[in-house]
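Top to bottom, those sequences are chains A and B. Residue numbering for the first sequence is 1 to 195, as defined by our numbering. Residue numbering for the second sequence is 1 to 195, as defined by our numbering.
Check each hint, because a few of them may be wrong.
Stated by the list, open to error - The following label-pair restraints were derived from C-beta to C-beta distances:
#, chain 1, residue 1, chain 2, residue 2, range
1, B, Val180, A, Asp36, 17 to 25 Å
2, B, Glu176, A, Arg179, 20 to 28 Å
3, B, Ser183, A, Asp166, 24 to 32 Å
4, A, Glu112, B, Glu93, 47 to 55 Å
5, A, His167, B, Glu96, 27 to 35 Å
6, B, Glu96, A, Leu168, 41 to 49 Å
7, B, Glu75, A, Pro40, 46 to 54 Å
Said to hold, decoys possible - Counterexamples of contact, computed for chain A against chain B with all Cβ distances above 12 Å:
#, residue
8, Phe15
9, Phe25
10, Gly61
11, Leu98
12, Gly159
13, Ala186
Derived from the structure by calculation, the hints contain no laboratory data. C-beta: ideal position from N, C-alpha, C; glycine also.
Number of protein chains: 2
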Amino acid sequence: MGKVTADMSISLDGFVTGPNPRPGFPSGEGGEILHDWMFPPSGSPTEQEREMRAEWFNRMGALLMGKKSFTVGEEPWGEDPPFHVPVFVLTHEAREKLPKQGGTTYIFVTDEIKSALAQARATAGDKEVTLHGASIIQQCLQAGLLDELQLHLVPVLLGEGIRLFDHLSASPISLECTRVVSSPTATHLRFRVVK
Amino acid sequence: MGKVTADMSISLDGFVTGPNPRPGFPSGEGGEILHDWMFPPSGSPTEQEREMRAEWFNRMGALLMGKKSFTVGEEPWGEDPPFHVPVFVLTHEAREKLPKQGGTTYIFVTDEIKSALAQARATAGDKEVTLHGASIIQQCLQAGLLDELQLHLVPVLLGEGIRLFDHLSASPISLECTRVVSSPTATHLRFRVVK
Numbered sequence: 001m002g003k004v005t006a007d008m009s010i011s012l013d014g015f016v017t018g019p020n021p022r023p024g025f026p027s028g029e030g031g032e033i034l035h036d037w038m039f040p041p042s043g044s045p046t047e048q049e050r051e052m053r054a055e056w057f058n059r060m061g062a063l064l065m066g067k068k069s070f071t072v073g074e075e076p077w078g079e080d081p082p083f084h085v086p087v088f089v090l091t092h093e094a095r096e097k098l099p100k101q102g103g104t105t106y107i108f109v110t111d112e113i114k115s116a117l118a119q120a121r122a123t124a125g126d127k128e129v130t131l132h133g134a135s136i137i138q139q140c141l142q143a144g145l146l147d148e149l150q151l152h153l154v155p156v157l158l159g160e161g162i163r164l165f166d167h168l169s170a171s172p173i174s175l176e177c178t179r180v181v182s183s184p185t186a187t188h189l190r191f192r193v194v195k
Numbered sequence: 001m002g003k004v005t006a007d008m009s010i011s012l013d014g015f016v017t018g019p020n021p022r023p024g025f026p027s028g029e030g031g032e033i034l035h036d037w038m039f040p041p042s043g044s045p046t047e048q049e050r051e052m053r054a055e056w057f058n059r060m061g062a063l064l065m066g067k068k069s070f071t072v073g074e075e076p077w078g079e080d081p082p083f084h085v086p087v088f089v090l091t092h093e094a095r096e097k098l099p100k101q102g103g104t105t106y107i108f109v110t111d112e113i114k115s116a117l118a119q120a121r122a123t124a125g126d127k128e129v130t131l132h133g134a135s136i137i138q139q140c141l142q143a144g145l146l147d148e149l150q151l152h153l154v155p156v157l158l159g160e161g162i163r164l165f166d167h168l169s170a171s172p173i174s175l176e177c178t179r180v181v182s183s184p185t186a187t188h189l190r191f192r193v194v195k
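Excised from the complex, chain A in its bound form:
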């Protein structure tokens, strides 16, 4: 069975979006800067960063996200979304599958998180299930379901937005830092969750 992982770009003050993310505008105000290491406004990512991104996509067998992430991202992801794997969307509303081009199919799941994750794992086979969005990551961390976490730490303080690490209980969760790669635009940190 593949691992459950998450890979998020995050500001130094812990935000994965700027203020007011909304449908069509998932990064919020000023939050685009979190993705500049992948999509630099000028120049190109370093060879190592390009490989890191390719590696992440290669290891991914399915994605699991919440309804909010889907709602804000659906429009910019467009008809040929960047995932190229089945994307499970946890929602309260039953809805038909939504196939897109390039191998992405949105599959709406009304079960609770453990069952949704089990479906995503069955689909992913030996590959990873990648969690997308702060709320899903928080729920899986809290339930002991996350195996690995990669953070792309961007040296900016956004001040407001959606915090990645929020609503966690005061029972400490230990991690082990397994890789550090730094570039001028981000420090890429990989962690294993200690269980």
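Assemble the complex: chain A is given as a structure, and chain B must be docked to it using the hints.
Then chain B, alone, in the frame of chain A:
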């Protein structure tokens, strides 16, 4: 004139203490783990980490902290506090200087932050003024008064406590990462604040 710097141990979820820090117990519940890289429960810090800590003390000419940091730390710091420099405490209550052993003197300042910082800088001369505590660091960041920031990022999620980056406005503040040193217990990140 020396730089204004800050040097804090921080959890991966952004806390500089665990829940309920209180007088005599400045790290809060479970927060001691943030300082294990310096004071390991067994073994000793790496040579590089020992040098990093020595370097930080060598560069420090004065410290500036808020009343809350002073109140929770005064007892554990004891009669021979670890600072060995003048420590300016920003407070609303006028109070006599409090000299301690080893070169530390607590000096209580009732002025606003800019004036308190100016006094600390005059005392520090060519050496650095180090800010201590989340609130003072937030105020100086917001006012554009912080030059450099070193964070010792500890791979643990504490869930609750005092957040280092909180109460900042939504006007992004850019930094530049100038050094990354990693050890099994912490990733040490140094930043320059871009002005």
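Status of the hints after comparison with the structure:
1. B:Val180 x A:Asp36: 17 to 25 Å: 18 Å, holds
2. B:Glu176 x A:Arg179: 20 to 28 Å: Check passed, 22 Å falls within 20 to 28 Å.
3. B:Ser183 x A:Asp166: 24 to 32 Å: About 28 Å separates the Cβ atoms of Ser183 of chain B and Asp166 of chain A, which means 24 to 32 Å holds.
4. A:Glu112 x B:Glu93: 47 to 55 Å: Distance hint for Glu112 of chain A, Glu93 of chain B holds at roughly 53 Å.
5. A:His167 x B:Glu96: 27 to 35 Å: At roughly 45 Å between Cβ atoms, Glu96 of chain B and His167 of chain A fall outside 27 to 35 Å, so the hint is violated.
6. B:Glu96 x A:Leu168: 41 to 49 Å: 43 Å, holds
7. B:Glu75 x A:Pro40: 46 to 54 Å: 50 Å, holds
8. Phe15: 9 Å, violated
9. Phe25: Given a closest Cβ separation of 15 Å, the condition holds.
10. Gly61: At roughly 26 Å from the nearest Cβ of chain B, Gly61 of chain A sits farther out than 12 Å, so the non-interface label holds.
11. Leu98: 34 Å, holds
12. Gly159: 4 Å, violated
13. Ala186: About 8 Å separates Ala186 of chain A from the closest Cβ of chain B, which leaves it inside 12 Å; violated.
Consistency note: the structure conflicts with the earlier hints numbered 5, 8, 12 and 13.
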